[in-house]
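Student: Residues in the sequence shown are numbered consecutively from 144, following my numbering.
Because the hints were derived from the structure by calculation, they are not lab data. Just so you know, not all the hints are guaranteed correct.
As the list claims (entries may be wrong) - Label-pair restraints from in silico Cβ distances: (1) I537 <-> S326: 37 to 45 Å; (2) L444 <-> R149: 48 to 56 Å; (3) R149 <-> S195: 23 to 31 Å; (4) A541 <-> N169: 28 to 36 Å; (5) N519 <-> E616: 53 to 61 Å.
Unchecked claim - Distance condition first, Cα-Cα at most 30 Å in a straight line; then the derived DSS-like pairs of lysine-lysine: (6) K630 <-> K553; (7) K584 <-> K553; (8) K630 <-> K607; (9) K590 <-> K496.
Glycine is no exception: its CB is placed at the ideal position from the N, C-alpha and C atoms.
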Amino acid sequence: MKTSSRITLILTTLIGTALFDILFWNEDWGINTLFYALFLLIALFLQKRNISITSLITIIGFILSSIAITIFSSLLARWMYALSLILVAGTFHENQIKSILNGFLNGVFNLVGGQISFFRNLFGKSYEENKKKLRTKVFFVTSGIVLIFVILFSIGNPIFGEQIGHILNYIGDLIVRFFESISIVHILFIILGLITSAAVIFKMRKSAIARREATKSLTINREQLKRKRRKKKTSAKKLKEEYRIVLWVFIMMNILTAIVNVIDINWLWFNFQLTEGMDLKQLVHEGTYILIFSIILSSSLIVFYFRGNLNFFHKNKWLKLGANLWTFQNLILVISVAIRNYHYYHYFGLAYKRIGVVIFLVLTVFGLFTVFLKVNRNKSFYFLFNRNSLATYILLIACSFVNWDAIIAKNNFNHPYPGNIEANFLLSLSDKTLPILEKHKEDFQNKNFLHNEYSLEILDARIKDFIEEQQLESFLSWSYADSEAEKTLLQYIIKSDSIDKTSYNRKFEQREITRSK
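Generate coordinates for the entire structure from the input sequences, incorporating the hints supplied.
Tutor: Pasting the structure below:
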């Protein structure tokens, strides 16, 4: 690397570290995430590298996740921001990486590799290396000789020794004051900023993941399979034996899955009734988890059996028919899981896991479609690996633009069975839902929510803490959802006669004076 480029990257990393500290120290996640993302992306594009489609997708995801934080400041958006940062670090410098999962792994490794590369360039060799070594030797040799004479003169001359003592004490006081003003936690936070910035801006010298992925193909290579077959001396007889075993597995599993599907269609789809003594939680939780595991296992078996030579076996049409039928039956299982999840929502309201199941089922449907393509178009396992990880990433980025907490709160306050809704769960939702909780605060008393004895006290304490936290944060922590929640809550407080307004400090008083004018 040229000296000018090396110095530019080092300075950019140090600026990124300082910016990380300024934007995030003692701040919440908000518009600061967008500022930091734009800085890192500008720093990367100034390196003038050609980027892959996968890298472009992760860059767009990085920007979108920071926008989602600025609007909703949701936990999912924050997770996707952190994930996108690692993906950008793992894919931007390596055009060979085309899958999201390998990009993530490479990004994780680059969290260490980027630091190594940063410090190698910081203290590395250049064309002036010999001159620098000579200057360093002269400096240390001269300093050592001067130090020896300073010690000797201090011992031999009390006045000189006293003056040297004053100087050393002054320097020591400066060092003590410096470390008193900067906490250990703050230093560790700055180091985190350096790690983050260096991991994105610098790259590992060698990426084994990128080299391995460069050899992968989306379709199965028949010639490569023939070479492996000759090497392992796999006979046509063994291939026929494998064919018969797999065919019988598909036949038996299709029969078994068909029986389960007929029962589910008859009971869950058309004739479901919640009878007395039925444990709906067990029905949904255990049943859903078992069916999900069954779907994953079924798909894995199909992928395993169609990993090699059976894709090109001349009698494999019945095998593919069995695999396609099993894939379709797994799709019916997905619908059954969705219906179970709906029944649970109908009786017990909306929650994160129930939303998570829906997201998982959407991804499962896509996964079954890719399994179908693999079987019928001789796609490789890498094809499934690539397409499904990409679909998961894109869907999660899209979901980060939904205010799930507000949807959960509004839905559960209007639920037909309030006796099944836990007040503690509603009170645990994010600060964005505080206006909704305040609007429906009477429901905590009038509706038969579970565990609602101290709900109003908890809600009032949360509102007070939220407004006080907003006062301590600067514009860097600004997000639309939190800002709107604060404005709405202050309007409720102004209209309320039962709340001690002095507890909301100067910010409340200023807003009340402004409103009265």
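Student: A separate judgement is required for each hint: does it hold in the structure or not?
Tutor: Right, here's what the structure says about each hint:
The supplied range of 37 to 45 Å is met by I537 and S326, whose beta-carbon atoms lie about 40 Å from each other. In this structure the hint that L444 and R149 lie 48 to 56 Å apart at CB holds, the actual value being about 52 Å. The supplied range of 23 to 31 Å is met by R149 and S195, whose beta-carbon atoms lie about 25 Å from each other. Look at A541 against N169: about 32 Å separates their beta carbons, and that is inside 28 to 36 Å.
In this structure the hint that N519 and E616 lie 53 to 61 Å apart at CB holds, the actual value being about 55 Å. Proposed proximity of K630 and K553 is supported: the alpha carbons are some 19 Å apart, at most 30 Å. With a CA separation close to 12 Å, the supplied pair K584 and K553 stays within the 30 Å bound. At most 30 Å may separate the alpha-carbon atoms for a hinted pair to count; K630 and K607 meet this at roughly 13 Å.
For the suggested pair K590 and K496, the alpha carbons sit about 24 Å apart, so the restraint of at most 30 Å is met.
Taken one by one, the earlier hints all hold for this structure without exception.
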